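2 protein chains.
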Amino acid sequence: MRYCRIDDGGRPAFGLVEDDVIRLLDGSPLDGGRPDGRVRAVAGVRWLPPIVPGVFYAVGYNYRSHVEHTAGKLPERPEVGYRANNALTGHLSPIVRPAGVENRFEAEPEVVAVVRRTLKNASRPEAQESILGWTIGNDVSARDWQHADRTFWRSKNSDTFKPMGPWIETDVDPMVQTTTVRIDGSVVAKFPTGAMVFDPFDYIVETTKYITMHPGDVLWMGADATVQMEPGNVVDIEISGIGVLSNPVHSERPPDE
Amino acid sequence: MRYCRIDDGGRPAFGLVEDDVIRLLDGSPLDGGRPDGRVRAVAGVRWLPPIVPGVFYAVGYNYRSHVEHTAGKLPERPEVGYRANNALTGHLSPIVRPAGVENRFEAEPEVVAVVRRTLKNASRPEAQESILGWTIGNDVSARDWQHADRTFWRSKNSDTFKPMGPWIETDVDPMVQTTTVRIDGSVVAKFPTGAMVFDPFDYIVETTKYITMHPGDVLWMGADATVQMEPGNVVDIEISGIGVLSNPVHSERPPDE
Numbered sequence: 001m002r003y004c005r006i007d008d009g010g011r012p013a014f015g016l017v018e019d020d021v022i023r024l025l026d027g028s029p030l031d032g033g034r035p036d037g038r039v040r041a042v043a044g045v046r047w048l049p050p051i052v053p054g055v056f057y058a059v060g061y062n063y064r065s066h067v068e069h070t071a072g073k074l075p076e077r078p079e080v081g082y083r084a085n086n087a088l089t090g091h092l093s094p095i096v097r098p099a100g101v102e103n104r105f106e107a108e109p110e111v112v113a114v115v116r117r118t119l120k121n122a123s124r125p126e127a128q129e130s131i132l133g134w135t136i137g138n139d140v141s142a143r144d145w146q147h148a149d150r151t152f153w154r155s156k157n158s159d160t161f162k163p164m165g166p167w168i169e170t171d172v173d174p175m176v177q178t179t180t181v182r183i184d185g186s187v188v189a190k191f192p193t194g195a196m197v198f199d200p201f202d203y204i205v206e207t208t209k210y211i212t213m214h215p216g217d218v219l220w221m222g223a224d225a226t227v228q229m230e231p232g233n234v235v236d237i238e239i240s241g242i243g244v245l246s247n248p249v250h251s252e253r254p255p256d257e
Numbered sequence: 001m002r003y004c005r006i007d008d009g010g011r012p013a014f015g016l017v018e019d020d021v022i023r024l025l026d027g028s029p030l031d032g033g034r035p036d037g038r039v040r041a042v043a044g045v046r047w048l049p050p051i052v053p054g055v056f057y058a059v060g061y062n063y064r065s066h067v068e069h070t071a072g073k074l075p076e077r078p079e080v081g082y083r084a085n086n087a088l089t090g091h092l093s094p095i096v097r098p099a100g101v102e103n104r105f106e107a108e109p110e111v112v113a114v115v116r117r118t119l120k121n122a123s124r125p126e127a128q129e130s131i132l133g134w135t136i137g138n139d140v141s142a143r144d145w146q147h148a149d150r151t152f153w154r155s156k157n158s159d160t161f162k163p164m165g166p167w168i169e170t171d172v173d174p175m176v177q178t179t180t181v182r183i184d185g186s187v188v189a190k191f192p193t194g195a196m197v198f199d200p201f202d203y204i205v206e207t208t209k210y211i212t213m214h215p216g217d218v219l220w221m222g223a224d225a226t227v228q229m230e231p232g233n234v235v236d237i238e239i240s241g242i243g244v245l246s247n248p249v250h251s252e253r254p255p256d257e
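Residue numbers (this note's numbering), protein chains in the order written: chain A, 1 to 257; chain B, 1 to 257.
No lab work stands behind these hints: they were computed from the structure. Because the structure is a prediction, the values reported are computed rather than measured. Don't take every hint at face value.
Any copy will do: because identical chains look the same in the list, a pair fits if it lies in one copy or spans two.
Using 25 Å as the maximum straight-line C-alpha spacing, the simulated SDA-like pairs for lysine to any residue come out as follows [stated by the list, open to error]:
hint: 1; residue 1: 120; residue 2: 212
hint: 2; residue 1: 209; residue 2: 230
hint: 3; residue 1: 73; residue 2: 8
hint: 4; residue 1: 120; residue 2: 65
hint: 5; residue 1: 73; residue 2: 147
Working from the sequences, and respecting the hints, build out all of it.
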């Protein structure tokens, strides 16, 4: 199943995507929401992030070639970081490059686990049973700020820097998929989604030794490629078996055209 | 006014604290919740964190003497960091020291701003008008983990590491108050709450250049003292004009007694 969340006449609504229609639910899939008969056309819908997490977990260096490329050190243990909800935006909504950003302004294509149950001291089988489904995230990063600032506050958490979607796919094994990034339709990066240093279940097992994870929490799994984006581009991140997260890149300043 | 949030028969409820009673509200004070006639006694109530934020902002080095004490560098700009909601707990609930924590296990007494409106590119007067009220936070920190780990994930975000409360005081100027920390009733630290490098409005003005802040977001303002805690202690953080946040410290292992 594909759970989505859309703007339905100014109010957020959860839905199930089936071909070219969305069957709206009477509540969150995390609370057992079921189709209530309302149907919307996929065409023209405004997609929202499919979930707004209580805690927004994000993994840093988690692909061997990305770590080597950035001269970083391979992590010895699965240690989560965090992102902020203000930065979330949906499929087809613009990524806005702030006025002060120059040089490297990059997409990081990531698979995202959506947690469906409360977890503490989870075993690996419990972690594997705890996922509602999988979606796609773009961990947009302004590198000058990332290097200059004490924290990732504006380099990774400025408004619109965390597109997520288009939906949560429940019936997919993310570890055997392919992640493909396209800029204006041309493939610029491609890697096996599952070639991670630590997989999502490693992270959940380690994290929940100390931390209770809750329904709706999301875990972004890191990227094996970074891709430069310029205002005017359209950035597509496809993960086979899940879908395509597509976002135009705008400039905070009025566009040149 | 003092807005609180309590466990009312297994369900969270907002309330107004008036002397020894709590007048329950029909909704969040952020949504205009008003007293609905239900009254509860303060005695024996289970206090919850007075708000669960969409984004949990926290400021690092923000007091001159604390920065000098830790041989850190004074921040040149107000740059926020983040904490995680799983770690929140209420007034009188235990802080649980995890089994693996030894050596420095410390309280950091902080004043907390609770945002009441949506803010982007806020002016200083807008920032000053944007605060619902002020509460107290204890930024519990396990120093060995803080120094060993890549992020603050378990050192500052393990379950129960972020007591917040007891309530949100709307009628106080936090910048002219005194923060006092007591361990088992003995004063162990005392400092002027307002002796900050950057004040809350500096942070809001700078943050909202890039980031939209939303109703319910919290901003923890840093500490000018750290205090060692041991299982069996009771840690009180008092900020004059707001109240006292009190939490017993437990060990994850069965207590010695």
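Cross-check of the supplied hints:
no. : hint      : verdict
1   : 120 x 212 : within (5 Å within a copy, 32 Å between copies)
2   : 209 x 230 : between (41 Å within a copy, 21 Å between copies)
3   : 73 x 8    : neither (45 Å within a copy, 49 Å between copies)
4   : 120 x 65  : neither (32 Å within a copy, 38 Å between copies)
5   : 73 x 147  : both (17 Å within a copy, 17 Å between copies)
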